[in-house]
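Residue numbers (our numbering), protein chains in the order written: chain R, 1 to 363; chain S, 1 to 405.
It is worth saying that the hints were derived from the structure and are not from the lab. Treat the hints with caution; some may be incorrect.
[To be verified] Quick list of the computed label-pair ranges, beta carbon to beta carbon:
hint, chain 1, residue 1, chain 2, residue 2, range
1, S, 32, R, 124, 34 to 42 Å
2, R, 152, S, 309, 53 to 61 Å
3, R, 205, S, 237, 54 to 62 Å
[What the hints assert, rightly or not] Cut-off 35 Å, straight-line C-alpha distance, at most; resulting in silico cross-link-like pairs (DSBU-like, lysine-lysine):
hint, chain 1, residue 1, chain 2, residue 2
4, S, 286, R, 252
5, S, 43, R, 114
6, R, 252, S, 43
7, S, 43, R, 109
8, R, 81, S, 43
9, R, 95, S, 43
10, R, 126, R, 77
11, S, 43, R, 77
12, R, 330, S, 286
13, S, 286, R, 336
[Unchecked claim] To list a few chain R residues with every Cβ distance to chain S over 12 Å, as calculated:
hint, residue
14, 86
15, 87
16, 117
17, 123
18, 310
19, 313
20, 343
21, 347
Because the structure is a prediction, the values reported are computed rather than measured. Virtual Cβ for every residue (Gly too), placed ideally from N, Cα, C.
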Amino acid sequence: MKNRLSVSRRNDGDGNSARVDEKRRDVLKLMAVGAAITSIPLVEKDKLMKVLKPVKLEGILGYPLGGPSDSQSALEKRAKKKEAKLKEWCRKEAKRICETYGDASEDCKLAKQKCELITVKATPPKKGARYAMALDLNKCIGCRRCVYACVMENNQARNLHIEWIRVLEASREEFQDLIGSEWYYKEGPKKDKVYIPIACMHCENPPCAMVCPVRSTFKEPDGIVVVDYDRCIGCRYCAVACPYGARRFNWKKPYIPVQELNPNMHILGNVPRQVHVMEKCTWCIQRTRDGGVPACVEVCPVGARVFGDLNDPESPIRRIAEEYGLFVLKPEAGTKPRFFYFFGPARTPPKEPMAEKPSKNSK
Amino acid sequence: MIIKEGFRGSRRYYVAMAGLTLLFIYGFYLWFFIQHAPVFLHKDYGGLALTGMNDSVPWGLYIAFFIFWVGVAAAGIAFAIAAYVFQNKEFMKIAVLGEVQAVAALIIVLVLVGLADLGRPIRAFFELPFLPNLRSMLDWDFIVLSTYLIINLVAAYITIHYYRQDKPLPKKFIIPYVVIAAPFAIGIHTVTGFISQPLTARPAWNSPLLAPRYVATAFAAGPAILLIALYLAEKYVDGFHVSLDLYRKTLYLIAGATIVGLYFTFSEAQEVFWYTTEPLKWWQSKELFYGMHIPYLAVIEWIWIGLGAAAVILSFIPRTHRSKGSIVFISVLVVIAVIAEKTLTTLLPAFIPSTLGEIRPYYPTPIEYGITLGVHALGIIVYLWLAKPAIKAVMTHYFKPGAEH
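Generate the whole structure from the sequences, applying the supplied hints.
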């Protein structure tokens, strides 16, 4: 029951959200009236008439029912509850840290600070927006700062080494043959290689949303494909279906040290996940829905990444599309990704191999 | 009555059931207290990380055996069709055993995929009925499997009910049963194939041949398992016997299905290796046939081809048709061959190399073996439990002393 009441707005692109709310409304009405009636021990006419008179069910249940705006408040209610629970969890962790490291230590102060700052938002999508991202393959030097910024921004589990972004090192002529690429390069950037960061493509036709048996993954109206962590049943079908290997599973109970927590959270984004649920890149939904850009875009030292609204003619992504043209990886998968790649005009110079220097220590 | 029947039996029966129950309890303990400890007991240890699965290979031993046992469940219908459509008297005696086998196989399947493999099974129980996603083949799988389980339970119960009272089965049961159950049987394994087929992310699966391949090998393994069970029943149940002709006819079906399965494997190999194909598919097929990074996978695939061909060739030799023992031996070969073809060799090539070329060789861990064994023990317990009253009822109706049937 609890799970049903906390089902938030669903939009799977086929306009099914209104149907879900109606059905839920009818069942809730029946439940409420039934509960009211059965609570009357003897059927006295006056009492019965009071119950059967049209009442504002909102009064009984404590929150309004109805169309999309109300399901938004359902999500907000969930977010508030989650915030309270997270603050409690954080305080327990902070207490443990302060006991271990001492009250005067940096860790203790940082932990306590983070706990107070925790906010779990439920920001709705901006009307009419359709986000996309693009990456300049000529600029990317494979430094992986985007990977680590993402890990820190999105509260990914440290004990599971989850990294939403993967960076592949591929040959410049045959980079589309991703199978021959190198994942674990140790140094770079090399002259004859191109570096390809890959994360969730937020496809127009997402195969993960198609296969999720409980609709816990869906494409929001602003283009972001999200995972509802409280619904996910951990069947991993979406990980099987994703052609880009973008999904990460919490195989163990995830652990984040609260000193490293990012307290600016969104219920469908970077709120700390539970064991046995899926997660993936959310285009930093906690930032972008408040007008910001994802952490990877912000941290990239060579400015290889671009984030914007496809429906806004002034956005940087539209400019890039018109100037350089965009392509996607694995178009034959038929999923129509919205994470584009392009080769910009200027290549970030690759590292020249260091000249041999006479050194004191032998190596 | 059917429930109580399971508690009575010979000493050998008790020992077998006790052993199986211990196995099942051990498997359950591993699942509840260790693998799913963070979910059920909120512990910090445990989790599906204890299995050999990872983000690159998200499905492993559990789903592998799920695929195999759905096939076995589907093939029980072959006997019902032989009995009720072709009106073969001998097959009428064992049609109910096909239904019992379907129930046992479906229990294994539903426990494997719904409890052992799912990360959060309790959530699934509440969420699936209320907001299913009918574009997801996994939802259709749950619907179709549960319905087929109920159909077979009801059919087995009704059959036992009539046979116990020495009455023939009425047409008003037979006709609806065959009309409903036959398409459903093909349907459950087709849906299992459809789960894997449409995914463009996995070229090893992304071919319209996958579901037909599943159904073909199912009709090899299912009847073979039933023949083995029949042989054991004839050995251990006094007075129960079936004719050699029944074994022979089933052997024809098994041999035919194995030939079709081998032909499908041959066809898939040609598509990949004759010229060229999508690079990921080529690499995945190389893993399967040559075992580049997981040698055991190639060994298992060639066991399928070798044993399958051996079983087919043996079944062509007339001498094997003359004794039940040799037919059951061929059945054992076929069962091993189809397990080899349908479990890890169907699953792993789609994951190794993964969609972006990552190679993470998958080796099942002991806890996976333990839980899988426990679930199989549960299936055999259900099979024995239901088979006893079924055979007893059949004997009441068909083996009347002196009566010619």
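Each hint, compared with the structure:
1. S:32 - R:124: 34 to 42 Å: About 40 Å separates the Cβ atoms of residue 32 of chain S and residue 124 of chain R, which means 34 to 42 Å holds.
2. R:152 - S:309: 53 to 61 Å: Because 57 Å falls inside the window, the suggested range holds.
3. R:205 - S:237: 54 to 62 Å: Given a distance of about 56 Å, which is inside 54 to 62 Å, the answer is holds.
4. S:286 - R:252: holds, 32 Å
5. S:43 - R:114: Distance ~25 Å between residue 43 of chain S and residue 114 of chain R Cα, so the pair holds.
6. R:252 - S:43: The hint holds at about 10 Å.
7. S:43 - R:109: Holds: residue 43 of chain S and residue 109 of chain R sit about 28 Å apart, inside 35 Å.
8. R:81 - S:43: holds, 23 Å
9. R:95 - S:43: holds, 20 Å
10. R:126 - R:77: holds, 20 Å
11. S:43 - R:77: holds, 28 Å
12. R:330 - S:286: holds, 21 Å
13. S:286 - R:336: Judged against 35 Å, a Cα distance of about 29 Å means the pair holds.
14. 86: holds, 16 Å
15. 87: holds, 19 Å
16. 117: holds, 26 Å
17. 123: About 23 Å separates residue 123 of chain R from the closest Cβ of chain S, which puts it past 12 Å; holds.
18. 310: For residue 310 of chain R, whose nearest Cβ neighbour in chain S is about 24 Å away, the distance exceeds 12 Å, so it holds.
19. 313: holds, 32 Å
20. 343: Given that every Cβ of chain S is farther than 12 Å from that of residue 343 of chain R, nearest at about 20 Å, it holds.
21. 347: holds, 24 Å
This entry satisfies every hint, going by the numbered hints stated previously.
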